[in-house]
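What follows is the residue order along each chain.
Protein chains: 2
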Amino acid sequence: MNAEFINPFLVSIVNVLLTMAQVVATPGKPLLKTFDLAKGDVTGIIGMAGEKTRGSLAITFTEESILHIASQMLGEKIETMDETISDMVGEITNMVTGGAKKILSEKGYKFELAIPSMIVGKNHVISHKTNGPIVIVPFKTGNGDFFIEVCFER
Amino acid sequence: MNAEFINPFLVSIVNVLLTMAQVVATPGKPLLKTFDLAKGDVTGIIGMAGEKTRGSLAITFTEESILHIASQMLGEKIETMDETISDMVGEITNMVTGGAKKILSEKGYKFELAIPSMIVGKNHVISHKTNGPIVIVPFKTGNGDFFIEVCFER
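Heads up: the protein sequence lines correspond to chains A and B, in order.
Residue 1 is where the first sequence starts when you use the numbering used here, and the numbers rise one by one after that.
Residue 1 is where the second sequence starts when you use the numbering used here, and the numbers rise one by one after that.
It is worth saying that the hints were derived from the structure and are not from the lab.
From a predicted model like this one, the values you see are computed outputs, not experimental measurements.
It is possible that part of the hints are untrue.
[What the hints assert, rightly or not] Pairs of lysine-lysine, DSSO-like flavour, derived with a Cα cap of 27 angstroms:
| no. | chain 1 | residue 1 | chain 2 | residue 2 |
| --- | --- | --- | --- | --- |
| 1 | B | LYS29 | A | LYS101 |
| 2 | B | LYS110 | A | LYS52 |
| 3 | B | LYS107 | A | LYS52 |
| 4 | A | LYS39 | A | LYS140 |
[Stated by the list, open to error] Derived list of chain B stretches under chain A, where covered just means 3 residues or more per stretch with a C-beta under 8 angstroms from a C-beta of chain A:
| no. | segment |
| --- | --- |
| 5 | 7-19 |
| 6 | 119-133 |
Glycine residues also receive a C-beta, built at the ideal position from the N, C-alpha and C atoms.
Let the hints inform the model, and build the full structure from the sequences given.
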């Protein structure tokens, strides 16, 4: 998997957080995923299926980062990890994959999005079942970290 | 969402566990999902996308149930929730959706499967981002419970 598949997701999440939450997110160095690299407290995950490729995207937030993002988006201090947070992570996941889908479509890679699912729980670990590599990109926001994981098979 | 969409997944998981692990799983009454109904310790989740419909399937196992299923499948006592368990849940998720895809295809509902992802962590909760209903079906195995969640949009 090359940068052509990863970059649309990075561009998209930076755009979404800046536009929706006025949060500046800075990507770190992409890494090949090993089993228990990222532990998140809330995760949005979505499947993508097309004729040429299929894959999945996970965005996994620490509690610190998502509470700050949620507070920014809603304009009030959010302090608990409840259904509002879960719904918001679903919306972010939808917007990020929607944006990336548009960019990839212009490059000739068309796919359909499934319905995102969210996972809430302390320190859970996501793994993808694939024969191909999983790329994980850490992000810093100044108020907690989050990670995206992109997994594509050809 | 009617039984026509749910039953293929129920038939498929019962078949997979009986064939692969000699475990008899008995479905309970299907329920409409509310936010925090099922808490699992390991979950397999997969997106499905087609022209007429899109959705997702989650299979969420308690530690007790999956350790028993894994022990049965591998023919040795499995006592820890490690990568072997996560891979096995991925395989089960693949087999269940593969089986259900075949049945639904014969009814004229064709969809592509994304790559499954697995979540490992104590007591995490899955929610699906959809405008439609999410149906959750509890299963008993005699050695712990598990739940499947099916979510389809038309």
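**Request:** Between the segment 7-19 of chain B and chain A, see if three or more residues pass the 8 angstroms beta-carbon test, and mark the coverage as holds or violated.
**Result:** Violated - the segment 7-19 of chain B has 0 residues with a Cβ nearer than 8 angstroms to chain A, which falls short of three.
**Message:** Just to be careful, I want the Cα atoms of B/LYS110 and A/LYS52 compared with a cutoff of 27 angstroms; is the pair within it?
**Reply:** holds, 17 angstroms
**Prompt:** Would you say the segment 119-133 of chain B counts as covered by chain A, given the rule of at least 3 residues with C-beta under 8 angstroms?
**Reply:** holds (count 12)
**Message:** Check whether the Cα positions of A/LYS39 and A/LYS140 lie no farther apart than 27 angstroms.
**Reply:** Holds - the C-alpha atoms of A/LYS140 and A/LYS39 are around 15 angstroms apart, at most 27 angstroms.
**Prompt:** CA of B/LYS107 to CA of A/LYS52, is that 27 angstroms or under?
**Reply:** holds, 25 angstroms
**Message:** For B/LYS29 and A/LYS101, compute the direct alpha-carbon distance and say whether it is at most 27 angstroms.
**Reply:** Violated, because 38 angstroms separates the two Cα atoms, which is more than 27 angstroms.
In this structure, the hints that do not hold are numbers 1, 5, in rising order.
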